[in-house]
Amino acid sequence: MIRIHDLTKAYPKARDGRGSPVTAVDRVCLTIDRGEVFTLLGPNGAGKTTLVKILSTLILPTSGTATVNGHDILTQPTRVRASIGFSPGGERSFYFRLTGRQNLEFFGALQGLRPPLLHQRISEVLDQLGLEEEADKRFMKYSSGMRRRLGIARALLTDPPVLLLDEPTASVDPASARHIREHIRELKAQGRTILLTTHNMDEAERISDRIGILNKGRLIAVDTPANLRGILHQCRLRLAVRNWGEDPPRFIGALRSISGVAAVYEGNPSLEVIMTQKEFVTSEVVRLIVEHGVEVESITTCEPSLEDIFLTLTGGETSRV
Amino acid sequence: MYKAYVFVKRGFVSMLSYRMAFVLTLLGTFVGAAQFYFMAKFLGEGHEFPLLAPYGGNLMGYLIIGTTFMSFVGVSLNSFQGAIRGEQQMGTLEFLLMSDTPLHQILIYSALWNFLYACLSTSVIFLVVVFVLGMDINVNLGAALFILLLSVVCMSGFGLMSAGIIMVTKQGDPITWAFGTLSGLLSGAMFPVELLPPFLRTVAVALPPTHALIALRKTIMVRAGLGEVRSQVLALLALTALTLPIGLVVFRWGFNRARTDGSLAEY
Ligand SMILES: Nc1ncnc2c1ncn2[C@@H]1O[C@H](COP(=O)(O)OP(=O)(O)O)[C@@H](O)[C@H]1O
Ligand SMILES: [Mg+2]
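Going down the list, the protein sequences come from chains E and U. Heads up: the first sequence is residues 1 to 321, going by the working numbering. Heads up: the second sequence is residues 1001 to 1267, going by the working numbering.
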């Protein structure tokens, strides 16, 4: 349904005004199947929005190309637009002084819908996103969650087979985020192909058929949540070391060879162990500490950040303290 | 046509939502009309204006047409870039571009509301000065509207250039500023072009409003037909043939530059 081939986007000028080019999307190849919910997972600045906007024909790629629903984004942009519903990230994409319904009427008309079909579609999508009661309030009175839902409702007006949702749950409270995820599941059940972006690992794991992990414009892993589970559930163990014992290098080597340890970062006086299997590794680490006569002040575990996950995936080449 | 309707409706609903501002604007329009009435009465007392003879010698009509037409100059120059900026600020521009409506249509529809608004306030002024203050006019409405439309299209070329430039630079551009200012000063809005020194008169000939104003005054004040203002119509057509293509090219350029820079939505 979506085929991305060797797609690269280098912005001519960085936003900070220093004027050096920025590679926001770097040689990405990806195929998303019909009816799939695919999540692009990555931190701020990973290139998620850029990628989605290229697919929406809003940004021209530097090289490479993509097809959406069989149409080329470069040569058939109009057909691409007719196949997709796009919900931009951010909250400002409606007219504040118009009501939700008036907004939908305006955008629907621009998409070529005419009454009475237009009004019928508007009530359908409002109903689907649970917005009928708020429909006649001005947009400026909407909460973040309602604004996001109106964004999805708008994307659905033309009943497109492909949905591109940029950060559909960003800056939304947890309950509303849950509602939005339910809506996304319903949309999948209707057979739509959905590409969404998020920086929330939990969310990616819960709603996706597959996840693509994007870091600095590169797609560094693409797999099902089940297969990425180990990586997504990795955990970090931080040891504050008081005394390194007789042979520190051998101790660290031993830590690295525990199965389930993804990486070990040395610092002084602390040590970090990134592990993909919490219980087993922790007990092994404790065993090695005793065996090598190492004295530690404390052991703490932390949930992984996306950065830790990138470190695991890239083999820890990125330097770090 | 339905699209044009929803654009106008959007403008109207938004305007009504600023009720106070709307009422104040209307009041301001009345006050403005009254001001011209008294000024023209004061200046015209016991005087003849030979340079105004082609327009029936009516000072008040001369001035009112000059100033109201300047609001159409503003509409032509600023509607497109104003629409783009407004949509950027709302965050809606990208979404409009995603629709199946081509960008130039979006611009025209957005400008349509501004144009209608300018027509509305101009009509109010004329109704007041003619029916309340009793100014004499002798209008060929069809010809006047044709000239108005033609000059708006002609000046829209500058508007397109301005919009194209603003999409890239994100700030006001010197071209439209110069055009707007020169038009206010040199095109005969408030005094006849004949009073200008010769070299400024040459500049005036290059400005579409100069020709538009002559033709409008004749069609509104002395019921001239299009035949009588033939040379102005031809001048406007010639200038349109120049400004419109250049405007379109500059606009395309700006649009594609913004899509490459990824800065469409920025302002
Ligand atoms: N219009 C632009 N001009 C220059 N740099 C940009 C532009 N848009 C995004 N970038 C840069 O490209 C990178 C990716 O940005 P973005 O696609 O917005 O990432 P994400 O959506 O994952 O946060 C960032 O480094 C960002 O600063
Ligand atoms: Mg983003």
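No wet-lab data here; the hints were simulated from the structure. It cannot be assumed that every hint is accurate.
As the list claims (entries may be wrong) - Calculated pairs, PhoX-like style, for lysine-lysine (alpha carbon to alpha carbon, straight line, at most 20 Å):
| no. | chain 1 | residue 1 | chain 2 | residue 2 |
| --- | --- | --- | --- | --- |
| 1 | U | K1009 | E | K137 |
| 2 | E | K13 | E | K216 |
| 3 | U | K1170 | E | K13 |
As the list claims (entries may be wrong) - To list a few chain U residues with every Cβ distance to chain E over 10 Å, as calculated:
| no. | residue |
| --- | --- |
| 4 | V1124 |
| 5 | L1182 |
| 6 | V1193 |
Keep in mind the model is a prediction, meaning the values are calculated, not measured. Here a beta-carbon is modelled for each residue, glycine too, at the ideal position from N, C-alpha and C.
Okay, the hints, checked on the actual structure:
no.	hint	result
1	U:K1009 x E:K137	17 Å, holds
2	E:K13 x E:K216	16 Å, holds
3	U:K1170 x E:K13	15 Å, holds
4	V1124	24 Å, holds
5	L1182	33 Å, holds
6	V1193	43 Å, holds
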